[in-house]
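With chain F fixed as given, assemble chain S with the ligands onto it according to the hints.
2 protein chains.
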Amino acid sequence: MKAWEKNIRKVVPYVPGEQPKGDRLIKLNTNENPYPPAPGVQKAMREMDYDRFRKYPDPAVTDLVHALAEYYDLGDDQIFVGVGSDDVIAMAFMTFFNSEKPVLFPDVSYSFYKVWADLFQIPFETPALDEDFRIRPEDYYRENGGVIFPNPNAPTGLLLSLDAVEDILKHNQDVVVIVDEAYVDFGGESARTLLDRYENLLVVQTFSKSRSMAGMRIGFAMGHPDLIKALNDVKYSYNSYTMNMPSQILGVEAVKDDAYFKETLAKIIDTREWSKLKLRELGFSFPDSKSNFIFATHERVPAEKIFEALKAEQIYVRYFKQPRLDNYLRITIGTREEMEALFAFLGEFLATAH
Amino acid sequence: MKAWEKNIRKVVPYVPGEQPKGDRLIKLNTNENPYPPAPGVQKAMREMDYDRFRKYPDPAVTDLVHALAEYYDLGDDQIFVGVGSDDVIAMAFMTFFNSEKPVLFPDVSYSFYKVWADLFQIPFETPALDEDFRIRPEDYYRENGGVIFPNPNAPTGLLLSLDAVEDILKHNQDVVVIVDEAYVDFGGESARTLLDRYENLLVVQTFSKSRSMAGMRIGFAMGHPDLIKALNDVKYSYNSYTMNMPSQILGVEAVKDDAYFKETLAKIIDTREWSKLKLRELGFSFPDSKSNFIFATHERVPAEKIFEALKAEQIYVRYFKQPRLDNYLRITIGTREEMEALFAFLGEFLATAH
Ligand SMILES: Cc1ncc(COP(=O)(O)O)c(C=O)c1O
Ligand SMILES: Cc1ncc(COP(=O)(O)O)c(C=O)c1O
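As they're listed, the protein sequences go chains F and S.
Start counting the first sequence at 1; every next residue gets the next number (the UniProt record's numbering).
Start counting the second sequence at 1; every next residue gets the next number (the UniProt record's numbering).
Hints in this document: simulated from the structure, not taken from any laboratory.
You may find that some hints are simply not true.
[Said to hold, decoys possible] Between beta-carbon pairs, the in silico distance windows are: (1) Gln-173(S) x Tyr-71(F): 25 to 33 angstroms; (2) Lys-229(F) x Thr-193(S): 28 to 36 angstroms; (3) Arg-24(F) x Asp-163(S): 54 to 62 angstroms; (4) Glu-337(S) x Tyr-71(F): 37 to 45 angstroms.
[As the list claims (entries may be wrong)] Within a straight-line C-alpha distance of at most 27 angstroms, the following computed BS3-like cross-link-like pairs (lysine-lysine) qualify: (5) Lys-10(S) x Lys-114(F); (6) Lys-101(F) x Lys-43(F); (7) Lys-55(F) x Lys-229(S); (8) Lys-256(F) x Lys-6(S); (9) Lys-321(F) x Lys-311(F); (10) Lys-267(S) x Lys-6(F); (11) Lys-21(S) x Lys-55(F); (12) Lys-321(F) x Lys-21(F); (13) Lys-229(F) x Lys-2(S); (14) Lys-170(S) x Lys-6(F); (15) Lys-55(F) x Lys-2(S); (16) Lys-6(S) x Lys-55(F); (17) Lys-276(S) x Lys-262(S); (18) Lys-267(S) x Lys-10(F); (19) Lys-55(S) x Lys-276(F); (20) Lys-101(S) x Lys-170(S); (21) Lys-55(F) x Lys-311(S); (22) Lys-10(S) x Lys-101(F); (23) Lys-10(S) x Lys-229(F); (24) Lys-229(S) x Lys-262(S); (25) Lys-278(S) x Lys-55(F); (26) Lys-256(F) x Lys-229(F); (27) Lys-229(S) x Lys-2(F); (28) Lys-43(F) x Lys-21(S); (29) Lys-267(S) x Lys-43(S); (30) Lys-55(F) x Lys-10(S); (31) Lys-6(S) x Lys-170(F); (32) Lys-256(F) x Lys-10(F); (33) Lys-267(S) x Lys-229(F); (34) Lys-267(F) x Lys-170(S); (35) Lys-262(F) x Lys-43(F); (36) Lys-311(S) x Lys-256(F); (37) Lys-321(F) x Lys-229(S); (38) Lys-43(F) x Lys-276(S).
Heads up, the beta-carbon is just placed ideally off N, CA and C, and yes, glycines get one too.
In isolation and in its complexed conformation, chain F is listed as follows (with noise of 0.2 angstroms):
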């Protein structure tokens, strides 16, 4: 070993989600959405004025955020933009977990806040989820240093009531409660609404879902401006410039478009709806999904061998190669038409495989 190579930070390196590439494949591994962006989006990229990129963005994300706090009927000083909302909820911990208390989540959940919390050696603790996969409010009780969970949870699907929500809230108040809404716009009711009742919630959303962006890399929080401000504060301390040109003005165009976001979100749901019925019909169960997956295991054959099967067919789905979750697979939703032909294969597939 040289010597310099002694201080290299050890780190457990993270492998991300196969993104195969080809066209004839079908992808339901990463919960994208199927349908491109608002039609705007196409036209602002193709009328954006490339002279402008030569100088540096602005740093406060001012029209995005503008357009956000308009569309949730919030002010401006209750928006945080951010690069993605891993990128949000990452400067959140950082910002809002430094008690000596273990901060609190699931501990089947998205697998990005453990690794925040090593990262920034935030001790933390993972209540179980009950055997339906439920989180269970009372878990959320006990002192802490902070408490996030997904809603709808990941990978799921399965959506805590608003009360439940409150609930957690409620028995809350000394710390801040982050509820991750990256799915909420595919059925559940937004925590958006206590706001005005519990200045200790952040609630995070992102573009890379509903709003069909992944590849923009956009994420907002909504909260109390003293959170607000505690965010940008940190943000600002290390890194002003973190959102492009592009993801400023096209995010404003997405946010924009109303009537196609609901059309698609509607189109998603539908999808999801009947996806359910064929499922059954094809000897799956899963929790009641309220996001664009579901998480779905086979009365038969295991998980494994499906996804295998599924993958030399080129349909990429997510399978979880760890406890309790191994004999699941967690199936995006996607146009009607990628769910049929998945299931076309499925419906031969297991006619004869055990």
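Quick look at chain S with the ligands alone, frame taken from chain F:
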């Protein structure tokens, strides 16, 4: 104070440089390029397939890494790409500066080095520039936990010869040495040519200055495959999707058009050398800049006064209210016309000011 406020991270909020808006103004305060990005960037922007935005971007930024590797005649495994060189350098601090010994960088230098060292709790020392604002290589001979300096240095614009850079490397083979070449294309010799001989060398560059793309946020590092792998491991360990699709696609186009790149550089260098003559005529003196800015002090009129007068005219330059620097202005090289307007005003103003 509410209970949850106790755990909010305390930071000194950084105030980003002014980003004034308006059509008539002349913006010479953030070292941006006065010329638009390469024409190929505009073309590619018009032709981008916006449907792809619904998918996550390539976490490995493969195409841009490859374009840069080809351009600089390196292996793909010798290039790391980040969201601006700010992102690259911050990641490098986190990855390589994990010693108990202090990291060394010049006292007058890029202001964010200190910020990142504080953020990641890295001990540091800042050897003083000599009286002519020069880096003294011998200051970097002592034991340390790593070295970083910009070449040319900011905000002085002074270049260290390749021999002097190699001298620093020779004396520091047990730590990672980072040469921040944000401005090297404007007349410096890159330390890239030393990569073969020093596997502890990391050379960082950016698209923000010489490639007219500050608004796109693209920076990169060149180094030994072991260093690049360590950077990637740290990056993937907490955020896999950082650079959005437009930056990945348009970045490649910027690299491709070498003729435009060289033509733009030649124009800026030309305007810089002519500006030096003009500034001298007006009674300014300055270190001999090899960058796209000049760090100038006037023989009679205080810098702050000139700064305010220019601002009132909507001509923005950078002023640092700091010991040693507070009688200087950092003036970015704009177009010939912008510089003519600046000098015309200064001619009149200085004739009567005192
Ligand atoms: C629960 C949850 N939160 C956050 C994210 C991050 O999304 P993004 O960074 O694309 O906004 C994801 C992505 O899969 C997620 O599933
Ligand atoms: C010396 C130096 N390094 C790095 C940077 C960061 O540039 P960017 O993040 O735009 O690549 C700057 C910007 O002004 C700089 O002056």
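**27 angstroms Cα cutoff - pair Lys-267(S), Lys-10(F)** = Measuring from Cα to Cα gives roughly 45 angstroms; hence the hint is violated.
**Prompt:** Straight-line Cα separation of Lys-229(F) and Lys-2(S) no greater than 27 angstroms?
**Reply:** Holds - the C-alpha atoms of Lys-2(S) and Lys-229(F) are around 15 angstroms apart, at most 27 angstroms.
**Message:** 54 to 62 angstroms was suggested as the range; check whether the CB atoms of Arg-24(F) and Asp-163(S) agree with it.
**Reply:** With a Cβ separation near 56 angstroms, Arg-24(F) and Asp-163(S) satisfy 54 to 62 angstroms, so the hint holds.
**Message:** For Lys-55(F) and Lys-229(S), compute the direct alpha-carbon distance and say whether it is at most 27 angstroms.
**Reply:** Measuring from Cα to Cα gives roughly 31 angstroms; hence the hint is violated.
**Asked** Within a Cα-Cα threshold of 27 angstroms, do Lys-262(F) and Lys-43(F) meet the stated pairing?
**Response** Holds, because 19 angstroms separates the two Cα atoms, which is no more than 27 angstroms.
**Given hint Lys-256(F) paired with Lys-311(S) - CA-CA distance at most 27 angstroms** = Distance ~36 angstroms between Lys-311(S) and Lys-256(F) Cα, so the pair is violated.
**Item:** Pair hint outcome, Lys-6(S) versus Lys-170(F) [Cα-Cα no greater than 27 angstroms]
**Value:** holds, 19 angstroms
**Asked** Within 27 angstroms, alpha carbon to alpha carbon, are Lys-267(S) and Lys-6(F)?
**Response** violated, 45 angstroms
**Prompt:** Given the proposed pairing of Lys-101(F) with Lys-43(F), does the C-alpha separation stay at or below 27 angstroms?
**Reply:** The given pair, whose Cα atoms are some 49 angstroms apart, is violated under the 27 angstroms limit.
**Message:** For a C-alpha distance cap of 27 angstroms, please report whether Lys-321(F) and Lys-311(F) respect it.
**Reply:** holds, 15 angstroms
**Item:** Given pair status - Lys-276(F), Lys-55(S), alpha carbons within 27 angstroms
**Value:** holds, 24 angstroms
**Given pair status - Lys-276(S), Lys-43(F), alpha carbons within 27 angstroms** = With a Cα-Cα distance of about 44 angstroms, the restraint between Lys-43(F) and Lys-276(S) is violated, given a limit of 27 angstroms.
Consistency note: the structure conflicts with the earlier hints numbered 1, 2, 6, 7, 8, 10, 15, 16, 18, 24, 30, 32, 33, 34, 36, 38.
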